[in-house]
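> Okay, here's what each chain looks like letter by letter:
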Amino acid sequence: MSPTPPDGAPLPPAIEVAALRRTYDVKPRPVVALDGVDLEVAPGEFFGLLGPNGAGKTTLIKILTTLLLPSAGTARIFGFDVATDTRRIRRIMNMVAGGEQSGYGILTVREQLWMFSQFYGLGTREGWRRVDALVEAVGLGEQRLQRVSTLSTGQRQKMNMARGLLNDPWILFLDEPTLGLDVSAARSIREQVLAWKAEIPGRTVLLTTHYMAEADELCERIAIVDRGRILAIGTPAELKRRVQRDSIFRLAVDRLDGGPAALARLPGVVSAALASDHAPDAQHVAVNLVLREDAALGGVVTALARMGSQIRSLGKSEPTLEDVFVALVGRGLADEADDTAPLPPSEADDDLAAAHAPSHDAEAGR
Amino acid sequence: MSAPHSREPAAGGTPRAMTPAERRRAPDPRAAADWTARQTAETNLRALVGRAYPRVRGMFREPSWLFFEIFLPFLGTSAYVLVYRALRAPEAYVGFVVLGGALSAFWLNVVWSMAGQLYWEKSQGNLELYFAAPMSLMSVLLGMAAGGLAMSSTRAVAVLAISALVYAVPFHVAQWWLVAAVFALTLTALYGLGMMLASLFLLWGREAWHLTNVMVEPVYFVSGLNFPVGRLGAVGIAAIATIPFAVGLDAMRQLAFPGSGLLTGTPTPEAEALILVAMTVLFSVAAHWSMGVIERMARSRGSLSIRWQ
Ligand SMILES: Nc1ncnc2c1ncn2[C@@H]1O[C@H](COP(=O)(O)OP(=O)(O)OP(=O)(O)O)[C@@H](O)[C@H]1O
Ligand SMILES: [Mg+2]
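Each protein sequence line maps, in turn, to chains A and B. Position one of the first sequence corresponds to residue 4 (my numbering), numbered consecutively onward. Position one of the second sequence corresponds to residue 175 (my numbering), numbered consecutively onward.
Heads up, a few of these hints could be off.
[Claimed, not checked] From chain A, some residues computed to sit far from chain B (all C-beta separations above 10 Å):
1) G76
2) R94
3) G126
4) W131
5) S187
6) W199
7) Y214
8) D297
9) S320
[Stated by the list, open to error] Partial list, derived from the structure: chain B residues whose beta carbon lies under 8 Å from chain A:
10) R212
11) E302
12) F305
13) E391
14) G404
No lab work stands behind these hints, which were simulated from the structure alone. Using N, Cα and C, we set each Cβ at its ideal position, and we do this for glycine too.
Chain A with its partners taken away, still in its complex shape:
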């Protein structure tokens, strides 16, 4: 059901995707990047796509930004078909990707942004005004006359963010916009986006990220994707409720032979995955454990002792998106995305298995 403005004319969804497939013809065999995606995002929503590497997030964004054609199925932006109505879509959208190196190093921050403003048809002076306002807003006031080639990663990304807002898009696509940024730069970017979005109702944002906390903080709804499919859609709270009845523990051990997979195999363990904030050089191994019930903890502790692992800390905790992600995808973002990853524990868990079928989503979310 799409929202209807008071004048009676129905406002189409900001994003409407149906049975979307995309394959790449590459050797040795074609890659299926999107395998039947259905998605609806309302005008004004902040929507997140969460998924491991290669899940198809960027592919979906490229299709929605008219840079890539669907192999099958349809996608519409405010009712405009991405395959045929590219002109109209390009007038009301913009996109920013993490690690973007766009522009010309010889220009200053101000000049580069002004150049881009001209591509959107802003008037000469209007362009400068808008650039100066955005440069201040993203916190690049001091660097405004600095050459683009001399910016740090964080400064550069703030500039890219300003570029994405130049034309005040109705829909903004952010592909891992805080990739590689430190905590404060990432926070500044997030605040910038939120402030910009709040100015006018109806501004819509689609964000992909690997940072669960970022998705949790920003997004009103999130779709968890893997291997070109949507595994679950819902608000962060709804998604977390899926693992609520399980027991969730944060475990730190000095070492873990066989990795989290060794724990995932134990009876009563729904999933075990490296914590995504786990630093590889840390003095301990941090694992997120999802157990069917608290009683299963005894088996885990015994197994750890048998494996020669010393427990540094162990505590029960509230579910996070990370736990939902692991439960659905079968591995954590910090785990190697290879075939040695444990089987999706959901196969042993009927409720979560139901979530694998997108058609069951609406019910599963309640």
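Go by the hints and put chain B with the ligands onto chain A.
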């Protein structure tokens, strides 16, 4: 559905609707997507200027190019001048060489800079942003051409002025308007070719780089950079029929050094002007067409960017 004024989104697969209050304030994005013909044209023009801007900025910001772009070509031209003088060739030859040296600035710019430009933009990640913006790709190409033109014109004028002064070249221009027209047409044909090459290079990728090598020295030779192209007979005629640099140069020489009797075996400057018109049209149409093909191909193959996260 969510309660009307709560920030809590609706459940599951149902998108969160805007609150009625928000809906009342929200303009319709579809209205912003409909542009008048004037808006479209204005954006394309602004995009052209926007794309030319970094070129012109860079020109002033890093003046080291002046040395390479003016002094080195001047040396190359000087070598031929000295040889012709030593051989006691007719003085008009000095003029031919100086004119060739000046015009070659545009050819080099087209081959080295224009042709590979879109490919470079693709590897930088700019190309995607260009496609995703609401302007026509032709504006970007024209902007690149305009920026390149500003730079090469400076070089051409400098080489021409310095050589003419140092070697006291005797220009005898009678038909100024025709010189101006031929010069302008040479540029439109050259940059039309540049735009076409830019899109072809994008299509062929790195293999196309070999083409640039073919397009400098051999083209200089068949176009008669340092001697009248008529001397090459059939090869010279073929060059005049296909290479804008060859036609433009020959026509300019005929107009700047009339009656020397050394420029034989090529069409009249008027006929050559028509050839340049035909080339301009042909190359521009081809550029426009290949941009369309590239966009369709890239969108279906997924090859608009090299960096893909
Ligand atoms: N241009 C391309 N040509 C061939 N295969 C591609 C291309 N782009 C993506 N793929 C493949 O499609 C699949 C999905 O890739 P995509 O970039 O959409 O994933 P992603 O979710 O954005 O991943 P990441 O988190 O690593 O950015 C991958 O298997 C990838 O190898
Ligand atoms: Mg990606």
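> All hints are to be evaluated individually against the structure, with a verdict given for each.
How the hints compare with the structure:
| no. | hint | in the structure |
| --- | --- | --- |
| 1 | G76 | holds (15 Å) |
| 2 | R94 | violated (4 Å) |
| 3 | G126 | violated (8 Å) |
| 4 | W131 | holds (12 Å) |
| 5 | S187 | holds (22 Å) |
| 6 | W199 | holds (15 Å) |
| 7 | Y214 | holds (14 Å) |
| 8 | D297 | holds (29 Å) |
| 9 | S320 | holds (23 Å) |
| 10 | R212 | violated (11 Å) |
| 11 | E302 | holds (6 Å) |
| 12 | F305 | holds (6 Å) |
| 13 | E391 | violated (29 Å) |
| 14 | G404 | violated (43 Å) |
In summary, the numbered hints that this structure violates are 2, 3, 10, 13, 14.
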